Amino acid sequence: MSTRLATGGRLLDKSRQLKFAFNGKQLRGFAGDTIASALLANDQMLIGRSFKYHRPRGVVASGAEEPNGLVGMGTDDSFEPNQRVTTTELYDGLTASSQNHWPSLEFDVGVINSKLSRFLPAGFYYKTFMYPRAFWKHVYEPIIRQSAGLGKAPKHRDPDTYEHFYAFTDVLVIGGGVAGLTAARAAALTGARVMVIEQTAHWGGRAPVDGGSVDGQPVDTFITEIVAQLDAMDNVTLRTRTMGAGVYDHGYVLGYERVGDHQPGAAGPRHRLWRIRATQIVTATGAIERPLSFAGNDVPGVMLASAVRDYAVDYGVSVGDRTVVVTNNDDAYRTAITLKKLGLDVPAILDARVTAQDSPLMTEAKGLGITVMMGHAISSVKGGKRVTGVAVCSQAGEGAVLKEIACDAVAMSGGWSPVVHLWSHCGGKLIWDEATAAFRPDASKAPTGATGEGFVLPAGAANGVLHLGAVLADSDVAGYAAAKAAGFTPKKPAKAPQGNAPDEAQMMPVWMMPQGAGYDKRSKAWLDYQNDVKVSDVQLAAREGFESVEHAKRYTTLGMATDQGKLSNINGLAILSDTLNQPIPQTGTTTFRPPYTPISMASIAGEARDERFQPLRRTPMYDWHAENGAYWEPVGHWRRPYCYQRAGETIEAAVAREVTATRESLGLLDASTLGKLMVKGPDAGKFLDMLYTNMMSTLKPGRCRYGLMCNENGFLIDDGVVARIDDETFLCHTTTGGAESIHGHMEEWLQTEWWDWNVYVANLTEEYAQIAVVGPRARDTLAKLTGDDISADTLPFMAWADITLGGMQARAYRISFSGELSYEIAVKASEGRALWDALLAAGAEYNATTYGTEALHIMRAEKGFIMIGDETDGTVIPQDLGLGWAISKKKEDYLGKRAQARSHMTDPKRWKLVGLETLDGSVLPDGAYCTADGTNDNGQRNVQGRVTSTYHSPTLGRGIAMGLVLNGPDRMGDVLEFPKVDGAAIKAKIVDPVFFDREGEKQNV
Amino acid sequence: MLILTCPVCGVTAEETEFHGGGEAHLKRFGPGSSEGDFHDYLFSKENPKGVHLERWRHNNGCGKWFHAARDTVTLEVYGTYPAQTSEPPQDIKDAISAKRPGWTWRDFS
Amino acid sequence: MSNTVSALNGASASGYVQVHEMGLQGMITLRGDLSAKKLVDAAKTAGGTNVPGRGHIALSGAHGIAWMSPDELLILTPYDEVDARLEGITSKLAGTHHLAVNVSDARAMFAVSGDDALVRETLAKLCPVDMSAAAFAPGQFRRTRMAQVPAAIWLPETGEARVICFRSVAQYVFDLLKGASLAGSEVGYFR
Amino acid sequence: MTEGDHDHLPNPLEPRARMKRYSAFAVAREAFRHHTGWTRAWASPEPKSHYDAIIIGAGGHGLATAYYLGKNFGITNVAILEKGWLGGGNTGRNTTIIRSNYLQDPSAAIYEKARSLYETMSQDLNYNVMFSPRGVLMLAQTQHEVRGYERTVHANALQGVATEFVSPAKVKQLVPIINIDGPRYPVLGALWQARGGTARHDAVAWGYARACSDMGMHVIQQCEVTGIRQQGGKVTGVSTTRGDIGCNKLGMVVAGHSGHLADMAGFRLPIESVALQALVSEPIKPCMDVVVMANTVHGYMSQSDKGEMVIGGGTDGYNNFTQRGAFHHIEETVRALVETFPMVARLKMLRQWGGIVDVTGDRSPILSKTPVDGIFINCGWGTGGFKAIPGSGWGFAELMAKGHSPLTDAFGLNRFYEGRFIDESVAAGVAH
Ligand SMILES: Cc1cc2nc3c(=O)[nH]c(=O)nc-3n(C[C@H](O)[C@H](O)[C@H](O)COP(=O)(O)OP(=O)(O)OC[C@H]3O[C@@H](n4cnc5c(N)ncnc54)[C@H](O)[C@@H]3O)c2cc1C
Ligand SMILES: NC(=O)c1ccc[n+]([C@@H]2O[C@H](COP(=O)([O-])OP(=O)(O)OC[C@H]3O[C@@H](n4cnc5c(N)ncnc54)[C@H](O)[C@@H]3O)[C@@H](O)[C@H]2O)c1
Ligand SMILES: Cc1cc2nc3c(=O)[nH]c(=O)nc-3n(C[C@H](O)[C@H](O)[C@H](O)COP(=O)(O)O)c2cc1C
Ligand SMILES: [Zn+2]
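Chains as they are written, first to last, in our numbering: chain A, 100 to 1104; chain B, 9 to 117; chain C, 1193 to 1383; chain D, 67 to 498.
Hints in this document: simulated from the structure, not taken from any laboratory. There could be a bad hint or two in this list.
[What the hints assert, rightly or not] Covered stretches of chain A, as calculated for chain D (at least 3 residues, CB under 8 angstroms):
(1) 231 to 244
(2) 252 to 265
(3) 681 to 693
(4) 790 to 801
(5) 916 to 926
Fair warning: this is a prediction, and the values are worked out from it, not measured in the lab. All C-beta atoms, glycine included, are put in the ideal place defined by N, C-alpha and C.
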C-alpha cells in the first residue's frame, strides 16, 4: 500500500485540500502535491502502460527524469497528452487519465506484446514485414502505427496565451539547489547581474531531503537565508517554475516558465519562453539517480531510492509499508534511515558492495535495526502490477536465489549521474569519472562562445561533486569564476559556506545485477522503461554490429523516449561497452540535444498566433476593400483585393465585370503596394544605368521610362517605371514583392561595390498611397477634381506632373499597365483613403469600378505585357521575352550583362515569348506544356514550350495566353498541342502576344 | 543564435537583426571577363571549415553592410569590420592568426 | 487636414501600461555626410536640437533628431511643419550631395506609458534588446525588430516609450503591444 | 552463464559467408535461441592497400553508389570510407520525405527513378526500410503557388510522375487536423503525390551497408579521408586516419563536407555548407496519415510510425559546420505549424537537431566528373537528397563505371559555366 503518512510533507499545505480525478475516479490531495505524490497517496501505483509491450508501469522517480508517469490531462480544448505526473503540480479540479492501453489501464489487451516479447527484440521490424510487398502499406504499417504513440492527439485549438521575454544577464545560473544558490551569491557579490532559474516551484534541490548542515545550521535554514539574501539584491533575479531548456550558441538560453500550469484560469500566459542572453552560464542542475538493471526492475513499486525518500519527506507519502533497499552506494541508506525513522519497515538493504569498514550511514542504518546484506543483489522482483517481494542472490553470481523477502516497494540506487545536458548542448565535453562511475563535465573543454572563450561552468552535483561540503565549495568557486569571466571582480570574495554531511564509502559500479545474469534475466532487466529497451536488446545490437553508441541508440531506441534516457542512457552505454569489451569512455555518450525536457509548441510560437501570426500589411484603403467585398490575395505580407465580389456574384463574374467596366469607362486600382524608391545624387544616373538593362541616365526630368532589372546571373528580377524627378533624382517603381528586396539590392551595390559613388536611396513605398485611374473616362474624372492642366499635350503618355487633386497635393504619372488611358496618382498615405473616396465620388457618373489584381493581370495580358513571377520564374532572361528593345546595346556594363553572354543564355534554342490562341477559343490550362515528338534519354516526353499566363479575356470573349516556345517568334501561325492533365490535348496557335489594341490607340489619347 | 557587433552603428545584437550575405571580398568580373573568372566570381566558394570572411547586413538596424571574420566550426567571431575594404584590418588578421596559425584566404593570410 | 488620417487614427489600449497610437507625426529622413558642418547646421535648424551621437536621440519639445546610421538622421517635427522644414533643409543644402525627404506618412508612432519597469517589460517581450535601465536609458535610440517587423524605440523619459514602425504594419504592432501588456501577464523582471 | 553471451561475439575480421536472410521466420527461429544466431549486419574489415573504387562517405548516397556499382556493373572491389559511423551524416538526421514531383526534367527523372526504387527497396535489400507511400501534400496558399503547382502537375504528367492538383475539400479529407480556411492563408488546393511518402532513414543506410558488405565490399567506419593522392592529374588514392589507400576511381559523396574534400583535391565547388534543423514532438497516437508541406508559411510535418510528429524548417543564412542551428528557425517553423494545424499548439517539442547541408549555386545537386581524372563528385543535395538516394546511387554508379549516365548528365559542374541551371525553386519554395 502506498499511503499518506500522518506526519511530514515538507512541501504540502495540508490546510488546503484539493480534489482531482484520475481515470474518472475522484481523489484528494493537498496543495503542494504533484500528481504523482497525490496518486501515490491514494495508493494508485499503476499509472500507465509501456510503449511496446504494454507492461504495467508505476512511478519510478520524483522529478523530470520520470519515464513512466505520463498522463493525458484536461478535456476538450485544454486536453494535453503526455504530461509528466512528477513535474505537474496538483490543482483543484485537475483531471488526468492514463495512456496507451485498451480497453482499460487494469486490463489491457496490448499486454499480449509482452508475452510475445521474445519475437519482438530490438530492430525486429527491419527483418520482417517485407513480404508480400503491398502488405506494408495496407496491413503491416497500419498495425504498427496503431500501436505507436503514447497519448492521444489533441483535437482542438488551444485557447491559452503564450509569450516570449528577452532577458540579458552577466551570469545565468541554471538550477536552484544549494549549488545554484551558492554560485549565484558568489557571482552576485561581485556586482554582476545574476539570474537564477529553477524548474520546480521550490528552492534548495535535493539538500533539504538529504539533510546535512551548513555553517552549523540545518541546510533548510541555510536555504531560506540565502534565498532571502539573493532576493534582496537588486542585481539578482530569481525565477522558479522556469526550466533551462537549452543552451545555444553565443550564450543564448531558452528558459521555459510554466506560469499558469498550476493555476488554470488565472490571468496571464500559460507558458512564457525566456530568451536569455548570458555572458556566462553556471549549470547547477544537480544529479540524477540511476536505476539498477535487475530482472523485474520495471514492476510498479520499484522506484529510485531518492524518489522514495522524496515522497516521504516532501509529500508525506510512504510508497510502501515494507521497502527493500538495493544499492551500490551509500546514498540509498538515507532512504532506509528516513523510512525507518518514519516507522516504516525496511526488511533489508541489499548492498552490492563488499566494504572493509562501515561508513557512518551504514552504521546509522544498522543502529536503527535494519538488516544490511553486503554483496547481495536482487535476483528478480516478484509481482505483476505491484511488487510483492524480491528474490535475493549474490551480486557476484548468476542469480541463484538465496532467499525471498516479501515487500511492497523496492528502493534502488545505482549511483548518480550529473545532469550534464545543458553543459553539453553547445559542445561542452565530458570525462569519465572512475570514482563515481559517471560522465561529468571536462572543465577544460567548455563550450566556447563568440569570443572563443568558454561560457559555461558546471557547479555542484552537476559537476560530479556529491558531498554537501564539496558541493558548496565547488559552486562558490564556479559562481565567482563565472562573474570574473563576465568581467566582474569582487571587492573581497565572501567566505564559502561550509557544509557538513556524513562521509560516504566508495560506490561500486553495478551495470548488471547480478553480475552473471543469464538471458532470462537480461531480457527482463529494463534499461529504457518508456521505450521498453532491455539489457538483452542492447547486447543484441552490439552483436549485430551496431557498435557505435549512436547506432545502438537508433537500433534499440534507447534514450529516444520522452524522458530522453535520463535514467537509461548511462546504464545502456555501460552494457554496450561491457558487451564490446571496451572501456566506457571509448563508447562515449549520444548527443545531448535541447530541450532538457519537452516544451510546449505553443510556447515556441509565443504571441505569433491568429492576427499576430504574421504581420499583415495594409494599405490606407484596406478597410474600404474589406467593407466592399474584397476577395483577398496574399502578396508577400500584404493583402490585396483579387477582385471585389458583389452579393450573388462568382469570382469569375466579378473579375469580368471589373475588366469590362474599366475598358469601357473607368476603373480604380489600389496600387499603393508598388515599390517606390527614391534614388538621388550626382551619380544616380550612372547607378541606374548599372541596375537597369536599359539606359536611365538619358531620361528627361518630367518623363517616365519602363525598365528591367537583372541579377548578376542575368535573370530578370524586377521591372517597373522610373520617373526622373530632377537632374539628380529618380523615383523607381518596383513590383510589390520587389520593394524591399530591390531596395536592399540597391543598397548592397552602393555600399559594397560602388561605395565611392554619390548616391542615396530612400524607400518611400509606404509614404504614398497610389491609385491607378484607368479607362476612357480617366481624364474626365480627374478633371472634376483638379484645375491643373492634365491634357494629352501637357501631360502626355509617359510623363508625370505634380497637380492638386481634390485639394490634395498629388503626383500624376501617365503610365499604363492596361493599355487604357491611365493615370497613377500618388498622394501622402494619410490622404490615400480621402483620395480614394473622392475618386469614387467623382467617377460615380462613369460607373467607377474598383478592380483587383486579377483584372489587372488580365488587362496586361490582353496587351501582351509581361508580369514578373508569371512570364519570369528566376530562369528567364529579358532576351527570352522579346524585351531586347529594353536592353541597351550602348552600355558597356550592367548587372547581368556578362552572365547573359554565357553559352546557354545565347543558345538560339532558348524558348521565347509568344502569344497563344486556342483554336476553339477555350482557355489553356495554367502551366501547361506543349509537346514535341518523342522522348528523351530518361523516357520523358519531349516538350517545346509552356504556358506562362492564361486567362479568359472578357474583352475578346475567348481564351488568351502567353507562353515560352522553342523558336516561337519565328513560327507565327504554327499550331501546338498542349496536353491537359486528363490526357486530352488542346491545340493552340502561335500569335503575337499583343491581343488587344495593337496600335495603342486607347492609351495614347 | 549568433551575436554580432555592427561596426557601423556599434550595436551588439542577435542574429535575427542581421542578414547573412555570403562570402566577402569577392572581386566583380563583368563584361569581357573570361568564363573561368566569371564563374569563380559567382560560384567558387571558399566554404572553409574554419575562418570565414563574410558579409552581413544590419537590416533590422542601421541598414549597413559590414564584414565579419567568423569561424564556421567554433563560431568564434574574430572581429567585424567595414564593408568598404578588400582585406580585414591587421588587428583582426592577428586575432585570427593567434587562434588559427597558418590560415589563408584566397590571396592573403 | 480632415482628409489626413494616421494609420490607426489614435487607437489606444490599456493593460498594465497604456498603449496609444500618437496620430500624425512629422518625420524627415535626411541622408548626407554627418560630419559636414553645413549638413549638421541644416539638421539642427530643422530638428530644433543638436545632432545626437551614434545610437542616440535628441529631443526638444515637439522636435527632435534621431541618429539612424552614419549617413542618416531622422528629424521629428509636428506634422504640419514638415514642408517648411524640408524646404529649409533643401535650400540650406543646395549644391551639397544629400537626400532629404518627408517620410511622415510612411510611419506610425506609438506611446507606451506607465510604470517604468512595466513599460520596459512590455518592450522586452517583443524586442531582442536589453531593456534594463542600466542598458537602455532615456536618450538612447535603438533600431531593432519588434516580433516580425522592424521598429525603432526610445524612452523620452521615465515611464514613457516611443515606438516607430512602418505604417502598413501599425495594426500588427498595436496588437503586439496590446497583447504584451495584458493585465495579469506582468513578468516582474525589472525593478 | 547461458549461451550466446558477449564472449561469443562473431569475429568481425573473419571472411564471411553470405548474409543470413531476414524474414519473420528467421526472427521466430531466433526467438527460441535467445537471438544468439544473429550475425553482424555488416563486416568491419581492415582497409586493404588498394581497391578498384573508393567511395568517401557512408551516407545514403555513398552506400547506394557502391551497391549499384556492384549490382549493376559487377564492380565489387570497393571500399566505402566513413569518418564517423555510417549513416550518421544527413542521412541519419533528415525528415525522410520522399517525393518526385519536381518541375525540371532532369530532376524529375532522377527523383522518380529514386522513388520507384524505394518501392522495392526492402525486398531488394532484404531489409525493411519501411518505405511508406502514404502520400505527400504540398499546400498551395497563394494564387501564385496554385499556378506553380498546376505547372508542376503538367510537367509531371509528361515526365511520367503521377501527381495531381487537389481541392481544399480533398485536403481536409486527407488531413482532418488541418485548418484550411486561414485565418491568414486559406488553403487553395494542393499538389498531391499519392505515392510519395517516407521511409525509415537509418534503415536505408543500414540496409545498403549490409547489402554492400554481403557483396564483399568493405564498409570502413572511423576512417577519415585527410588527403587525396594524385599523379599527373589522375587520382591514385587517398590518405586516411587509417593509412593510405590506393584506388583507380574515387567517388566523393560527403554532402556538407564536399567543399573541404574538393579543397584537398585542389578544386573549388559552387557549394556552401549551412545548417538545416529539424525537430520531433512527443509521440502521440496516429493523427495524420500523409506528409504535409506548407511552403508559404515555411513548415512541414509528418507522423512517424512511432508516433512523433517529424517537423522541419529552413536553413541558416551563414556557413556552419556545427550540426546546430539558430533557434529562430525552429520558432518560425513551429509558428507556421501551429497556424496550419491548431492542435500542434498542445504538443511538446521533444528534441531538435541540425545537419550540415551542401547548397549549390542553383540548389540542384552535382553528379559530375571533376578536374581530376578519376575523381567523381556527388553532392549538393542540400535540404532534399534523402528521397534521391537510390536514384542518385544508380546514376552515379553508372557515371563512375561508364563515364556517363542519362540520369546524371544534366547535373555536371559545367552547367555553372554555361549558365544552364536546374532551378527548382521556381515552382516550390523549399525543396525537401
Ligand atoms: C534536418 C534535415 C532534414 C532533411 N529533410 C529531408 C527530407 O525530408 N527529404 C529529403 O529528401 N532530404 C532531406 N534532407 C537532406 C538529406 O538528408 C540529404 O540530402 C542526404 O541525406 C544526403 O545524403 P549523403 O549521403 O549525400 O550525405 P550524408 O548522409 O551526410 O553522408 C556523408 C557522409 O560523409 C562522411 N564524410 C564527410 N567527410 C568525410 C571524410 N573526410 N572522410 C570520410 N567520410 C567523410 C560523413 O561523415 C557522412 O557520413 C534533410 C537534411 C537535413 C539536415
Ligand atoms: N551523496 C550523494 O550520493 C548525493 C548524490 C546526489 C546529490 N546529493 C546531494 O544533492 C545536492 C546537490 O546540490 P546541487 O545543487 O548540485 O543539486 P540539486 O539536485 O540539489 O539541485 C539541482 C537543482 O537544479 C534544478 N534543475 C535541474 N535541471 C534544471 C533545468 N534544466 N532548469 C532549471 N532547473 C533545473 C533541479 O530542479 C534542482 O532543484 C547536495 O545536497 C548533495 O549532497 C548527494
Ligand atoms: C525521422 C526522425 C525521427 C526521430 N525521432 C526521434 C524520437 O522519437 N526520439 C528522439 O529522441 N529522437 C528522434 N530523432 C532525433 C535523433 O535522436 C537525433 O537527434 C537525430 O538523428 C540527429 O542526431 P544527433 O542528435 O545525434 O546529432 C529522430 C530523427 C529523425 C531523423
Ligand atoms: Zn548597424
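(request) Go check the stretch 231 to 244 of chain A versus chain D for me, would you? Three or more residues, Cβ under 8 angstroms, otherwise it fails. (result) holds (count 6)
(message) Under 8 angstroms between beta-carbons, do enough residues of the stretch 916 to 926 of chain A, three at least, approach chain D for the coverage claim to hold?
(response) violated (count 0)
(message) Is the listed coverage of the stretch 790 to 801 of chain A by chain D valid when you require three or more residues with a beta carbon under 8 angstroms from a beta carbon of that chain?
(response) With 0 residues in contact (Cβ-Cβ under 8 angstroms with chain D), the coverage given for the stretch 790 to 801 of chain A is violated.
(request) Three residues minimum, CB to CB under 8 angstroms: does the stretch 681 to 693 of chain A make the cut for coverage by chain D? Let me know. (result) Satisfied; 3 residues make the cut.
(request) Given that the stretch 252 to 265 of chain A was listed as covered by chain D, double-check it with a C-beta distance under 8 angstroms for 3 or more residues. (result) Holds, because 6 residues of the stretch 252 to 265 of chain A bring their Cβ atoms closer than 8 angstroms to Cβ atoms of chain D.
Violated hints, in rising order: 4, 5; the structure is consistent with all others.
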